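Knowing the structure of chain L, use the given hints to seat chain A on it.
2 protein chains.
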Amino acid sequence: MQLLKDKILSEGTAVNEDILKVDSFLNHQVDPKFMEVLGDEIARHFEGSGITRVVTVESSGISPAIFTAKALGVPMVIMKKQPSKVLNDHLYQTMVTSFTKGTNYELTMSQKYVGESDHVLVVDDFLANGETAAGVIRLIRMAHATVAGVAVLIEKAFRPGREKIERAGIEVFSLVKISSMSKDRILFADEEDPE
Amino acid sequence: MQLLKDKILSEGTAVNEDILKVDSFLNHQVDPKFMEVLGDEIARHFEGSGITRVVTVESSGISPAIFTAKALGVPMVIMKKQPSKVLNDHLYQTMVTSFTKGTNYELTMSQKYVGESDHVLVVDDFLANGETAAGVIRLIRMAHATVAGVAVLIEKAFRPGREKIERAGIEVFSLVKISSMSKDRILFADEEDPE
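Chains as they are written, first to last, in numbering that gives the first Met the number 0: chain L, 0 to 194; chain A, 0 to 194.
The list cannot tell twin chains apart, which means a pair is met if one copy fits it or any two copies do.
Subject to a maximum C-alpha distance of 30 Å in a straight line, what follows is the list of computed DSS-like cross-link-like pairs (lysine-lysine):
(1) Lys4 - Lys80
(2) Lys20 - Lys111
(3) Lys182 - Lys111
(4) Lys4 - Lys163
(5) Lys32 - Lys4
These aren't lab readings, by the way, just hints derived from the structure by calculation.
Just so we're clear, the structure is a prediction, and the values are computed from it rather than from any experiment.
Looking at chain L on its own, in the form it has when it is part of the complex (with noise of 0.2 Å):
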């Protein structure tokens, strides 16, 4: 998608070979409308495919998946990083590692949200090792839901997400990939012909 290219060039930051900043317009300040024409793209994709429930994680992934629930006409449904008091009955959890911040957490879903009769697209900011995605996976497969797809704003073509994912036999859709990054040098895969 030439739109985000342009914007993650003009905007975005390759910090090394691993980090990506584009905190301008996705992970810390956001263009509603933007975001909007990026939900939009992401939900054509599925359209038809009878998806039920957009999941996606918080919370740099909530921006992007509004607006793809909003174009499909389904609910959204956050997955939370950590129990929280408020939240504690009838959960689905699974740990996650997280390569990027060097963490682990506890990716956690209600029961009452996400059940077996339905078809769930996973929305989120970025791919990289597909840690998060596969997290997200086990529970909606907890939930005796399937899976749709994973779509997601940037894959890091460069890091075995996609690879993990597809191996479970679910679609990966990504608006732009990155084939290899350096400090202040971003190259993009082309979009037709995955790394």
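For chain A alone, coordinates are given in the frame of chain L:
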């Protein structure tokens, strides 16, 4: 706002005098179209007051805030609850004590996205003791920006949040005000006549 009152009465659960669970449409599962109606309502109230930024706190505030920001045609800025490795240069930070969760956290905002020419609307899901809102206001003032108001979906009017914010000379706008709660019982205050 009758629509939100009805939703709270039909889907919310008062756990005790303090905790209202609205997981089915706000904190865990989110209905995007309903959230857009709420965001539009907040935007309508503050229309024409020269707002340049909507600021919220991750993660339950993001859904109403993004639709408010969209309706006002301004960016949303998400304050983070802890410093991350990626977001580490030129930050404003302040400590916030959360009564509900019994925790302290560092509220964090980059110096890049709110500056002295900004007039900022704070949007969040709940207002109770006002600790979070007070922290957000501290960060906005560190940035030498002005605060247009604090808008929340649900105000616990039996808690001192409104008083605390109004004492700082800042308008509080809430879509519904709860005057008291007990297990399975929710009483609303008149919207025109705050407790």
